[in-house]
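Work the whole structure out from these sequences, hints included.
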Amino acid sequence: MNGPPPSSALLAALRELVAVVGRDGTFAWLGPRWEDELRTSRDHLMAQGWLWYLHPADRQAAQDALAHVDADGPAVRFEARWAHGDGHWVALSTVAVERDGSLVFATTPAVDHRKASIRLDRQLLLAESLMEMGSFYMDLRTMKVHWTPGMYALHKRDPGQPEPSGPEAIDAFHEEDRGRVGAAVMRCARAGVPMDFEARLVREDGEERRVRTVGAAEMAGGEVVGVFGVVHDVTDSAVRRTLASAEQLVYSAAHDLKQPVRTIRSYAQLLRAELGAPTERQGLWLDRIEEGCDRAAARIEGTLSLAKAGGARPVGPIALGRVLERVLEDLSEHIRETGAVVEVGELPTVVGEEAGLQQVFLNLLSNALRFRGDQPPRIQVTSEHRRGREVVWVADRGPGLPEDQTESIFKPFVRLDADAEGTGLGLAIVRRVLDGCGATVSGANRPDGGAVFTLRFRPG
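Just so you know, we're using this note's numbering here: the sequence shown kicks off at 1 and counts up by one.
These are calculated hints, taken from the structure and not from any lab test.
Just so it is clear, the structure is predicted and the values come from calculations on it, not from any experiment.
Ideal Cβ positions, reconstructed from N, Cα and C, are used throughout, including at glycine.
Careful: at least some of the hints might be erroneous.
With beta-carbon atoms standing in for the labels, derived distance ranges [to be verified]: (1) I264 x D205: 53 to 63 Å; (2) H44 x E403: 39 to 49 Å; (3) L286 x T338: 28 to 38 Å; (4) M46 x S408: 46 to 56 Å; (5) E384 x E198: 25 to 35 Å; (6) G276 x A444: 19 to 29 Å; (7) Q282 x E198: 54 to 64 Å; (8) L286 x E343: 39 to 49 Å; (9) V414 x T454: 15 to 25 Å; (10) P402 x T382: 45 to 55 Å.
Here's what the structure looks like:
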């Protein structure tokens, strides 16, 4: 393009966004109004180029239109959606001509589309705010991610911060969830498989939230060019979605089983009395009946406790130091018998329900006392404020956890030692109670031996 570009004063008076562009998708020169229209810096516009800013579904049509532009031909018009700095798309209408070997764009807002876009953006912002959700689009050609304001709010991230890349967005999830989140995104990006998963999102301030992500592939020319989706904060509804009706059924069934078990045990005792002096074999059979009834009764009581732990209870600020004092009082005799040393550091106030949290620490400390190895138990309860959460560790010097069971131990009726006494419900109750107050628990082995359970609470 010969001669200097038009003066800034002249361009400012024009309604159009004027630019000199390359057919390869670059900007050669930009008028001043582009920054205001797209809310993006001039440097970023020049670095990325005009084609990058077009919606992936509109790029091919724009390039096809420009293929018909030549020096002797008429101007060509095309409409496309352009990426806005606030995270949404704006519809712009562009007239392209060739002058002195260069393409010149004169771009204006597509009025009807612009009005509809403004209305939709306002509705989207309202819906995202009310439903604690956000949406995103990931351009697979650049691996850039476009966020709506709702996504910034979900992450507690300043909207003025740059949008993340694809890998950075995945890194925002809890380290234990990143693998399956990344796998779901890759399946969608490579094969167009829709996404629908729940995972723990770690906000900028360290708070963990459980979110559900539903997404799909953006197709162009038979290829996947992008991934778009909606992310919904389901933390507060997670407990309500634990199938309350099924829990009630479990509770009712367990309650109804108590009487038949009592009856069987009573008849075994009557039979023993009737026999007077049972033979050795008869005595062994009666012992096994009574022991089986005792185990069944213990499992029924554990099942009832598990069902109760899943029920909705009011939560509030709870001082964990006071909770541990009461738990240690309850376990004082067991601690004395085993010669255990229990060290409790300064503990925080957290969001929870007092009776439930007492059960949590009673179960964890009881396990540490029971699975102690050959040495007297040594148990440490410590805490630290970390990234917006109150983190509490319960560590012991016992035999540790099987490496392949650090997650399955929280399932009902799973026991660390099949030969040890117990119902296999203690850790399931721990997780159920903590789920009910928005907290989490995980188990791992200590490098120097023993197990450690990590509890993450909301500050009280």
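- Query: Failing hints, ascending?
  - Reply: 6 and 10
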